[in-house]
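Peer 1: Let the sequences and hints guide you as you build the complete structure.
In case you want the letters, here they are:
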Amino acid sequence: MKMKITPNKIVGSDRIALSFNDVGKGYTSDSGTQVAALQNINLQIDHGQFVTLVGATGCGKTTLLNLAAGIDTPAIGAISLAEDICPKRDVAYVFQHYTLLPWLKVEHNVAFGLKMRGISRKQRINASGDLLEQVGLKGYEKAWPHELSGGMRQRAAIAQALAINPKLLLMDEPFGALDSSTRRDLQTMLGNLHRDRKMTILFVTHSIDEALILGDRVIVFSEQPGRILEDHKIFLPRPRMRSDDAFTRQLLHIYGLLAETHP
Amino acid sequence: MHYLRNNKHYLHGLMRRMGWTAIPLLLLIIWQVSAMRLGKPWLFPTVTRVLVQLVHPLRDHYASGSLLSNALISIFRVVIGFVTASLAGIILGILMGSVRWLRSLLEPMVEIIRPLSPIAWLPFAIAVFKLNTLSHLFGLDYSRTILDQVQLGMLFVIFVGGFFPILINTIDGVAGVRQNYILLGRSLGANSAQIFIHVYLPAALPMILTGLRHALARCWMVIIAAEMMAGIDSGIGYLLVYAADNAAMDLVIAIMVIIGTIGAGLSYFIRWIMRPFIRWHGQEV
Ligand SMILES: Nc1ncnc2c1ncn2[C@@H]1O[C@H](COP(=O)(O)OP(=O)(O)OP(=O)(O)O)[C@@H](O)[C@H]1O
Ligand SMILES: [Mg+2]
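Chains as they are written, first to last, in this note's numbering: chain D, 1 to 263; chain F, 264 to 548.
Treat the hints as calculated values from the structure; they're not laboratory data.
None of these values were measured; they are calculated from a predicted model.
A hint or two may mislead.
[Claimed, not checked] One side of the interface only, derived from the structure: several residues of chain F facing chain D at Cβ under 7 Å:
| # | residue |
| --- | --- |
| 1 | S450 |
| 2 | G452 |
| 3 | P465 |
| 4 | W543 |
| 5 | E547 |
Note that the Cβ used here is the ideal one computed from N, Cα and C, for glycine as well.
Peer 2: Right under this line is the structure:
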């Protein structure tokens with residue numbers, strides 16, 4: 001599969017990093033049935049924004065990230081990246097599964113992107129060490145991915161993505177398989193990284209709580225075929241407090257939205 | 264229940280130790296006694312006569328060199344043929360495994376040629392390459408080195424013997440690489456050549472290794488048979504038929520032991536070399 005680069009460039013706005021215009025995508029399964037994964041997606045994401053996507057399973061969230069990454073192409077509509085975001089160099093993707101290369105030790109996994117750019121061995125191992133320290137994995141440079149716990153693996157995957165210094169970071173349920181306390185630690189870490197690095201993040205999650213803790217905006221998807229039910233902006237100060245009334249209200253509101261689509 | 268399982272374990276351990284000691288020893292004793300009773304060493308030599316041959320690996324036989332020198336010549340031939348087959352098989356295998364149209368284009372031909380026994384190629388190869396050696400490749404008739412002993416025809420059949428197992432396993436290994444790893448590589452900025460080297464190759468390495476092991480075992484079988492062909496005057500397979508023609512059955516059996524041991528040694532060696540590279544296998548997370 002070739003990585004397709006969306007030719008459309010956004011002109012006229014230097015605020016928008018990524019934009020979906022009337023995007024639709026469907027699949028034909030091997031048995032021949034047609035599945036509409038996404039319909040009528042219109043979405044503009046600003047530079048530096050942290051956008052979370054929630055929705056029922058199978059509603060097309062992964063598909064949307066794949067389109068943004070250029071791994072997949074839309075059936076209709078167009079996806080455009082800002083001029084200053086090179087689709088090959090500036091977009092990193094933390095996948096839902098198999099987030100690390102199993103044949104490389106942790107430090108080489110993190111250094112992989114830099115190696116592809118021809119950075120010298122010494123420099124990239126140094127950089128990888130720094131990043132591992134930032135994500136709390138100091139001392140695990142020489143470990144193999146299979147020797148890490150689930151939470152450590154996700155930390156390593158984040159370090160691996162950050163190594164190429166992305167302007168746009170796509171994350172597909174990165175904390176989905178973790179227990180709640182590890183999950184909260186990683187949420188805090190990611191929030192801090194976003195604050196310090198000013199990158200644009202598109203983050204898929206099943207947890208409405210997580211979406212509200214992290215996002216500037218929560219995009220709520222309908223059940224399949226995925227359409228945008230609501231583009232919910234969050235104006236709560238950070239760090240977000242779960243005990244806050246406003247937080248709880250918004251949580252219940254989104255729960256309600258999603259419940260309505262489950263008849 | 265517990266008692267039963269322990270008993271079973273104990274029994275298994277005992278059998279394993281016996282398999283390595285008592286059974287071989289018993290067979291050797293039966294061999295020795297019956298050979299002594301038969302008294303026809305040119306037909307069925309005693310264990311001791313075979314051992315005498317084995318502990319004199321440097322003794323010259325029929326002015327054709329010693330056990331050791333002929334074994335080394337055979338190993339050298341196999342190594343050269345095997346290494347070229349590996350390079351060609353792995354490179355073409357990765358290409359065919361990752362580029363679908365190339366696979367469709369070449370696979371029918373591979374499937375037609377592959378079942379043909381490598382040995383069946385030998386008369387053809389000798390006719391084409393005559394008895395030219397590696398030295399001729401470098402423009403010399405004789406280099407007075409081991410290169411004089413490496414006939415191109417023989418290399419060709421070893422190549423054929425090793426190439427197909429490596430090719431097939433590499434194709435399967437590469438075609439089975441998780442799409443995720445390729446996407447991950449691409450998202451981290453790897454171009455096609457880098458994906459080839461840094462994703463397909465390592466991800467398919469466990470399968471490639473399986474191919475290499477099969478291939479090396481096959482090459483070793485092929486060389487013995489190839490060296491038995493007319494016109495060849497060196498190598499352990501040559502010495503084997505020469506000894507048989509001279510009714511030196513003790514030498515024949517000694518050579519059989521050597522061939523078996525080298526075969527096992529090669530297989531172990533390649534596993535040992537490759538083990539660090541595939542330690543991750545089966546641990547994907
Ligand atoms: N390669 C494919 N071939 C056929 N159908 C596909 C393919 N990829 C996705 N689909 C279908 O498209 C729909 C959306 O899939 P997608 O993976 O985007 O869902 P998702 O929202 O990420 O789900 P989850 O939350 O479970 O990860 C599903 O119905 C799925 O069956
Ligand atoms: Mg998904």
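Peer 1: Can you list which hints this structure breaks, lowest number first?
Peer 2: Hints that this structure does not satisfy do not exist here, as all of them hold.
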